[in-house]
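Participant: Can you build the whole structure from these sequences, using the hints too?
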Amino acid sequence: MREINVSEVTKVVSQLCKDSCYYLPEELLAKLKASIDTEESPLGKEILTTIVENAELARRKDVPICQDTGLTVVFMDIGQDVHFVGGDLYTAIHAGVADGYVNGYLRKSSVDDPLFIRKNTNDNTPAIIHTTIVPGDKVKITVSPKGCGSENMGALKMLKPADGVEGVIKFVVDTVRSAGPNPCPPVTVGVGIGGNMEKAALLAKYSLSRKVGEHNPNPQYAELEKTLLELVNKTGVGPSGLGGSTTAVAVNIEYAPTHIGGMPVAVNLNCHAARRAEAEI
Amino acid sequence: MSEATIKYIKAPLSAETVKELRAGDVVRISGYIYTARDAAHKRLTEALARGEELPLDLKDNVIYYVGPSPTKPGEVVGSAGPTTSGRMDKYTPTMIQQGMRGMIGKGLRSQEVIDACKEYGAVYFAAVGGAAAVIAQSIKGEEMIAYEDLGPEAIRRYEVEDFPAIVVIDAEGNDFYKVGIAKYSKE
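Line by line, the protein sequences give chains A and B.
Letter 274 of the first sequence, counting from 1, is numbered 274 in this note's numbering, and no numbers are missing.
Letter 46 of the second sequence, counting from 1, is numbered 46 in this note's numbering, and no numbers are missing.
Think of the hints as simulated: they come from the structure by calculation, not from any bench.
Incorrect hints may have been included.
Unchecked claim - Distance condition first, Cα-Cα at most 27 angstroms in a straight line; then the derived DSS-like pairs of lysine-lysine: (1) B:72 x A:108; (2) A:108 x B:90; (3) A:160 x A:31; (4) B:72 x A:157.
Facilitator: What follows is the structure, given as structure tokens:
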């Protein structure tokens, strides 16, 4: 049994909120840079250049890459031999988010009631927290702030088993095409297949925390990721949706066992500023 | 983008300037623009419905759909990129009827917005979504105008110099999203 004081969690979450909003992951920045050369549209090349300049400027000045610093999604892999002390874990996570957003000059975009009141909570809490219990005595924390421009363009469909691979391809490509400029392309396409309704949505979101360039370890799904990336880039949506050959930088699929009668598929799009920072305690 | 292909324009926008803009033009905007997004649009159009005077004169003005991040000490504004314009579609034809001449945002607009641009001579610009730190560099001054209680959604006046944007919908009703995507589609 290893004891971890929750104040440590607060400290780490606060830092990860700032780091993720200021510093684009290196491998994503490298991918965006490389796409300037391969992009077919001259205007698209200009837009990609601006996107890269923006990420570099934000890193240099410690300012948010995008003003929409999102709802704060926190994934935690908690070793089963960890015992949290000094307070309540979820309260500690929210405290970290509040500290990071207030002291890091990040925008507060969370409203308390979705329908009637819609009052800003003024510290970006509550975070959206997903915890998983894993073997060991470590805690891995991943903070992924996500803006609403891309979140609003996500979709979920309860496909039939008979729809097969073709059905999945059509749904994913249709979702990216109809999203057009709205999710700030070039996007990362997160796809969750299987499980049930909420499991598919969570898998799609979780897949976005993968590093650009990595594929699903299952060769069939890895192949489908490559096929989907090619097809998505044929839609012509391009950088900022103003036309071009770079609509997405990656398609990430996560899958789970499902019911004999179903095949849920969720698509969660992330903008070109696919922010993520992680740490281990 | 070579300098020769960039159009340098002043805001507020004259009817003549708008007539010369074509979907796909790359522009740099200098002058004064106003910020407003979802909550401010709701309040503005509700005020109009009640017959009240607005806190700003919309005539010939450009509205920038933005909710900036907080300003760090020593900076003029925080990061300030465009938000998704489609959420303002419901309010936009009314605003254009009131004289609004331009909008800056990102993403698709409704047919009603395109029709209003055509009928009243207005233009819709896209700024590069997510390029919020770069865009903030073209904002040289900020003044609070109305609805301060809305925080990032309050109406502010920005003094801008060479604000980078692209004409998406022109006063003839052309939509560059459709043109640009069709050109590069290989489906």
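Participant: Hint numbers the structure violates, sorted upward?
Facilitator: 3 and 4
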